[in-house]
Amino acid sequence: MPLVKLTAAGIEPVETVWTRLGGEDAVPATGAVLVPLARWQAEKDSLLARADAVGVWLAAGETADSISGDLDRLTVVALDFPAFSDGRAYSTARLLRDRFGYRGELRAIGDVLLDQLIQMVRTGFDALDVKAPVSGAAVTVETIQAALSRYSLVYQVAHDPRPPVSALRRRLAAGGQA
Amino acid sequence: MYRYDEFDHQVVRERVAEFSDQVARRLSGDLSEEQFRPLRLMNGVYLQLHAYMLRVAVPYGELTSGKMRRLAHIARVYDRGYGHFTTRQNIQFNWPKLSDIPAILRELAEVEMHAIQTSGNCIRNVTTDAFAGVAADEIEDPRPWAEVLRQWSTFHPEFTYLPRKFKIAISGGAQDRAATFFHDIGIRLVRAESGDVGFQIIVGGGMGRTPRVGRVLNGFVAKSEILSYLEAILRVYNLHGRRDNKYKARIKILVDALTLEGFRAEVDAEWDRIRGSVVEVPAEEVERIGAYFADPDWQALADNPPELAAARSRSAAFNGWVSANVMAHRVPGYAAVTVSLKPVGGIPGDATADQMDALADFADRYSLGALRVSKEQNIVLPFVRQDQLYALWQALVAEGLATANKGLISDIIACPGLDYCALANARSIPLAQMISERFSDIARQHDIGEVTLNISGCINACGHHHVGNIGILGVDKRGEESYQLVLGGDATQTAAIGDIAGPGFTAEGVVDAIETVIGVYLAQRQTGEPFIDTYRRIGLTPFKEAINAAR
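Going down the list, the sequences are from chains A and B.
Residue numbers for the first sequence follow the working numbering, so the first one is 25 and each next one is one higher.
Residue numbers for the second sequence follow the working numbering, so the first one is 214 and each next one is one higher.
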């Protein structure tokens, strides 16, 4: 189950091992952890005092507002997809990025499938914890790259910088290269 | 009509490649059926009772002769020689093999067609008035905006995994022929006192087990702000719509829960933050799209040419067909013709491959190559010269396509029902056939006049029974098919949900009950009063009493 980070250089596998904690799990002494929102709110000082990285994960029903006051203290926010068919996190991602100006890592976790990666990137995610297919076939940087390159054109303006088709048409009409 | 440019072609080609890959991964086992299901649904592939079904998008109901011929070809080569036109202006093929679907999609892409978002919990095919650009009562042609919305909604990254399906209809007429009050979002072009044309936005209409007349969310949204307004609505719905119960997941339930005022406050708060932003489609893009819908070169013609008048007085059958199936055109000397897909004893909305080819030929010969699919499951030829109506009618007669019943009792909307559908509780098609046979006397139909009759085979209401002047709902009653009668529904701007007229009937019983209802109407109607107006004047009681007396 590879975790990758999208950077200007491309798709980079993340070497750090992240432990995702539930509501009751003890915080390990060392190692990077993702904690649920309630734990973060209750224990943020002790969590930040640890030597290793800490991030917060939001369940699908938890809102961007609930974490907005802490965004400048966080380097990783993860949004959970309890099922790939639950699309709330796409809107939460837009709000974190566009309304609250969050610039840190925004990670997709949970039921993150190859077929949804484009939408994730377009709505502001820059880290993807991609789930392996049921067949057990490996997910690699190449398969992720292939999934992200599936569409060369987009019709809408979203969070990502891709120009929509209407802008390409304008450039073409002005005599430029699309 | 709109034509793809290189970019539109590219998007559809990439979609074909993606779905072909998804089918291959399903066949190889890389995707489970559970994982494949939403992906295939997003591309219009359903698993029905007996086979896969493919729903092909006909964006806002517009076809050319070339597209229609390709649909005929697909019906012939990959299906059993027919297709079924739907209430959302699409076409369904009932018997394709999953392994053939990539090839079908390639064939469609060649003629600028696809099956994108014809199902799934995403923004579905945007529908409009089948008489758009033709009707005399139009404020403005809605089709350019329907195309703007098609592009905006195609693979929208934020709104592809909504709580439930999401249907948008747009209408430009004073008369609403697009059922905008029964969509998740209905959009009507309106003119403000200032003279500016913009959009009235209606939200939360729908049918199914919780029928709702849509509520006016905003009386006037400027054209330059429409996409941010829609995004605000969709974002509120995506975040707050229920996901725990699919029957309570449509936006109408959220509007109920928050109240219209509460929902509006949420939308306005969201809209304030994104209003008029870069999400809007640039004005020159609207202009570019609009140019595709410019008028053809009309001939200078007069209304009611002598040939037409002579033919009408010569042939009573032709005269009846003109009265029912021919609509006035905003341009003198032209007409919009409805080709009924509701022959006596036929399956509403079905057309054979040969009929589709014939319709394509007639479109070329008589309608500048243009066709429309109507939400009543008929085909419209929008640009016919009045002096050619008789020739067209003769050609239609030869193909069995001249049934003169548009808007009459046998112009039945029906869902596929238990003959095809895995969700149905009862059959719809045989009942539609029985009703059209019972009322087969066309002179009698013309005497009864304008009335809509809609049949659904289950509570999901795909046959729009809630909004038929006469509606029939098929239910399963202890293993037996039973049919409930609903009266007084209306899908137009005078929108209404029908009233249940007592306990259910057998199939034969409901046909008799319809006879009784029509009998009450004929006895009670005032001169020139259509069924729905009589119903509104006298109410349910006299109908119910007569039905019960005849039980």
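Treat the hints as calculated values from the structure; they're not laboratory data.
Quick caveat, the model's predicted, so the values are computed rather than measured.
Every residue, glycine too, gets a C-beta built ideally from N, C-alpha and C.
It is possible that part of the hints are untrue.
[To be verified] Derived list of chain B stretches under chain A, where covered just means 3 residues or more per stretch with a C-beta under 8 Å from a C-beta of chain A: (1) 241 to 247; (2) 273 to 286; (3) 444 to 454; (4) 495 to 507.
[What the hints assert, rightly or not] Counterexamples of contact, computed for chain A against chain B with all Cβ distances above 12 Å: (5) G34; (6) E67; (7) D135; (8) L138; (9) I168; (10) S176; (11) R193.
[Unchecked claim] Cβ pair distances, simulated, as ranges: (12) G489/B with Q201/A: 27 to 37 Å; (13) E663/B with P185/A: 21 to 31 Å; (14) S437/B with S90/A: 29 to 39 Å; (15) T423/B with S90/A: 54 to 64 Å; (16) R123/A with D577/B: 29 to 39 Å; (17) I713/B with A50/A: 36 to 46 Å.
Hints versus structure:
no., hint, in the structure
1, 241 to 247, "holds (count 5)"
2, 273 to 286, "violated (count 0)"
3, 444 to 454, "holds (count 3)"
4, 495 to 507, "holds (count 4)"
5, G34, "holds (20 Å)"
6, E67, "holds (27 Å)"
7, D135, "violated (9 Å)"
8, L138, "violated (9 Å)"
9, I168, "holds (14 Å)"
10, S176, "violated (6 Å)"
11, R193, "violated (7 Å)"
12, G489/B with Q201/A: 27 to 37 Å, "holds (29 Å)"
13, E663/B with P185/A: 21 to 31 Å, "violated (54 Å)"
14, S437/B with S90/A: 29 to 39 Å, "holds (34 Å)"
15, T423/B with S90/A: 54 to 64 Å, "violated (31 Å)"
16, R123/A with D577/B: 29 to 39 Å, "violated (53 Å)"
17, I713/B with A50/A: 36 to 46 Å, "violated (59 Å)"
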